[in-house]
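**Student:** So the protein sequences, as listed, match chains U and G.
For the first sequence, counting from 1, position 137 maps to 648 in the working numbering; every step adds exactly one.
For the second sequence, counting from 1, position 166 maps to 677 in the working numbering; every step adds exactly one.
Hints are computed from structural coordinates only; laboratory data are not their basis.
Hints are supplied without guarantee of correctness; some may be wrong.
A pair holds if it fits inside one copy or across any two, identical chains being indistinguishable in the list.
Restricting the straight-line Cα-Cα distance to at most 30 Å, the calculated cross-link-like pairs of lysine-lysine (DSS-like) are [as the list claims (entries may be wrong)]:
#: 1; residue 1: Lys908; residue 2: Lys667
#: 2; residue 1: Lys630; residue 2: Lys725
#: 3; residue 1: Lys836; residue 2: Lys804
#: 4; residue 1: Lys908; residue 2: Lys630
On a predicted model such as this, the values are computed, not experimentally measured, just so you know.
There are 2 protein chains.
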Amino acid sequence: MDLELLSGLAQPNTTKIVLCSLDGLGGLPRPETGKSELETARISNLHALAGRAACGLIRHVGPGITPGSGPGHLGLFGYDPLRFPVGRGVLEALGIDFELKPGDVAARGNFCTVDAQGKITDRRAGRIPTETCVRLVERLRRITVDGVQALVEPVKEHRFVLVLRGTGLSGRLSETDPQAVGVAPLTARALAPEAERTAAIVNRWVEAARPLLKDAGPANMLLLRGFDQQPHLPRFPDVFRLRAAAIAAYPMYRGLARLVGMEVLKTGSRFADEIATLRQHWETYDFFFLHYKDTDKAGEDGDFAAKVRALEAFDALLPQVLALKPDVLAVSGDHATPAILKAHGWQPVPTLIWSAYSGADPVSRFTERDCAGGTLGLLPAQDLMPLLMANALRFTKYGA
Amino acid sequence: MDLELLSGLAQPNTTKIVLCSLDGLGGLPRPETGKSELETARISNLHALAGRAACGLIRHVGPGITPGSGPGHLGLFGYDPLRFPVGRGVLEALGIDFELKPGDVAARGNFCTVDAQGKITDRRAGRIPTETCVRLVERLRRITVDGVQALVEPVKEHRFVLVLRGTGLSGRLSETDPQAVGVAPLTARALAPEAERTAAIVNRWVEAARPLLKDAGPANMLLLRGFDQQPHLPRFPDVFRLRAAAIAAYPMYRGLARLVGMEVLKTGSRFADEIATLRQHWETYDFFFLHYKDTDKAGEDGDFAAKVRALEAFDALLPQVLALKPDVLAVSGDHATPAILKAHGWQPVPTLIWSAYSGADPVSRFTERDCAGGTLGLLPAQDLMPLLMANALRFTKYGA
Chain U
512 MDLELLSGLA QPNTTKIVLC SLDGLGGLPR PETGKSELET ARISNLHALA GRAACGLIRH
572 VGPGITPGSG PGHLGLFGYD PLRFPVGRGV LEALGIDFEL KPGDVAARGN FCTVDAQGKI
632 TDRRAGRIPT ETCVRLVERL RRITVDGVQA LVEPVKEHRF VLVLRGTGLS GRLSETDPQA
692 VGVAPLTARA LAPEAERTAA IVNRWVEAAR PLLKDAGPAN MLLLRGFDQQ PHLPRFPDVF
752 RLRAAAIAAY PMYRGLARLV GMEVLKTGSR FADEIATLRQ HWETYDFFFL HYKDTDKAGE
812 DGDFAAKVRA LEAFDALLPQ VLALKPDVLA VSGDHATPAI LKAHGWQPVP TLIWSAYSGA
872 DPVSRFTERD CAGGTLGLLP AQDLMPLLMA NALRFTKYGA
Chain G
512 MDLELLSGLA QPNTTKIVLC SLDGLGGLPR PETGKSELET ARISNLHALA GRAACGLIRH
572 VGPGITPGSG PGHLGLFGYD PLRFPVGRGV LEALGIDFEL KPGDVAARGN FCTVDAQGKI
632 TDRRAGRIPT ETCVRLVERL RRITVDGVQA LVEPVKEHRF VLVLRGTGLS GRLSETDPQA
692 VGVAPLTARA LAPEAERTAA IVNRWVEAAR PLLKDAGPAN MLLLRGFDQQ PHLPRFPDVF
752 RLRAAAIAAY PMYRGLARLV GMEVLKTGSR FADEIATLRQ HWETYDFFFL HYKDTDKAGE
812 DGDFAAKVRA LEAFDALLPQ VLALKPDVLA VSGDHATPAI LKAHGWQPVP TLIWSAYSGA
872 DPVSRFTERD CAGGTLGLLP AQDLMPLLMA NALRFTKYGA
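Same shape as in the complex, but just chain U (with noise of 0.2 Å):
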């Protein structure tokens, strides 16, 4: 749906959504026993709202493409990831809580590894340990150039930020990263006319950085790549009328959340405590964006059992939301992250919709394959949106 469309019918009302995000909820069956993460694990409490809830599966972005976090979390908040694209470069300095300005222009960083004759040898320098990127980085600082700020801050291991901040500005830029052993690191090139300044401003940058990592081997070069700016996204707020908050331990999901506008409350690093900062704020916002970041650590690492956990411990504090009793409740997550898989995966994700009008349907247990029987259907992750807000009476109707 156009986002014009629906914020011209959304209108104001008292009604409260929590929109639960289990990041990487979705999973796959195990060999050993044919059943999957959530038909494995004991939660009852999920399978009970699915018995009162309208279920489905979500698509993030389309059908056998596999989400990253950035389009996985637009999907949810109802953006096209596909209309909407966030660069690599803003998307790692969203993870490090690094608060980009519009305009600015970020980029992922590697330390690698190069020769005598300056070509690489190792593109990541044998995964440097963190705190030799943070001593490396200490000196990336002292480099300046034209009056740009060049603003950089380590990740992990090899992993850097660089944000370039200054007017007129383009992240419209070629890669230094050939993405191969053997070359040298390339020039960054302007791939639009208004790119040009940047582009010469970001390779006298990295010019100077050359003779600064000259004697830190294996950490002796630096590659930079996914070179972007925020994307002009209409906010959050506006558009459905929500005053809305996010609660998530883990930067990256405050920062997705802060691109598109909403607030972001400071918690704690487990889940209890971001369940008591919703209770905390409870009154003074309408929408509240509530991750879950387990599930997906446990897929990511292939641990099918720790995922089964995961999934238990969000069950045993979900209680604690429900007692707040928001409006609209929906559970679904930002993509699937099968423990077979040990990696995101392209798989449509179950999804819940519980309010006093979101009808009843079949399905009596949260699972990928209960779900695929739900009257939601398999929709477009964008498409919850326009759902929470029509079950919190918080849309007029369409036409006369």
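Could you slot chain G onto chain U? The hints should help.
**Tutor:** Relative to chain U, chain G alone:
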């Protein structure tokens, strides 16, 4: 999905994909039993596979739209058939294994009967025997027109193909077939300025044919329709980065596969021959399109029992395909051909995708009714290829 986007996600792997197209697969319940062909057939291998696979229904063009073989197969190959129309003349040429070259203009021809005033009395010349058609085509081959090759090939009964080969030709021509009796054949008109010369050539060719057919009653004249050139299609092996081979006993399907740039493998006339060909070339390709014709033939004949037998014959040979251990196996069709309809139908077609990561769904029988409840849902045919790519772990994720 946009083919360029898909192409950007495609990555190499060593996995193998087999796509079985059962022509006219979908059926309808016969009133006597209330059961469709698939519901009647003893197809335990397909049912067992469905139990381990993800199931759904695919639709090739749109709701209520019956696909011809061209759109039906383009959909299976990942192309939106509405974006890439294939003209009748081109399909007719593909159907007789005629190797069209880029720029060739092909038309479907009919021998017809005209009266003394030149008015059409029978648009199909009483469906003359194919031998007569062959003889008359010999006569037409004598015609030469200014610098253009006019290639004529018999098809069946009153049908033939005309292919004009030369430079600067265009298929934007009106038909000479008025689709009515009691009127004279029409003159071909250019539908675009660039087609003026081709229109003149066609009309001169038709005028040269008239005296050659004068004594050949009832086939004493001809009609041309469906002028077209090969569509410009992105090459399948490039879009999906697959070494792709087609195995089909019937020329039409070989032609359609060739149209998208697949390698067409020499095979025999029976499905067992096709499987032998598959086995023989197993190591050389990543993707195999395997076509099974008998289901459609029986459906077109309105022979319910023969269609059931054709399904059972396929089922009996399926283990030989499984024995090759493809990483991804899909079974679907290019359209429905319900025996009670005696023609192609608009009904969506049962589809299964099996891989180690296809997940299971509630479906354990490969029928129209059961597949409607599968996790794949009801999906456009062109979404099948991205799913096969994902299951083959040949797509990288979208968005970091």
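**Student:** Looking at the structure, which of the earlier hints fail to hold?
**Tutor:** Violated: none.
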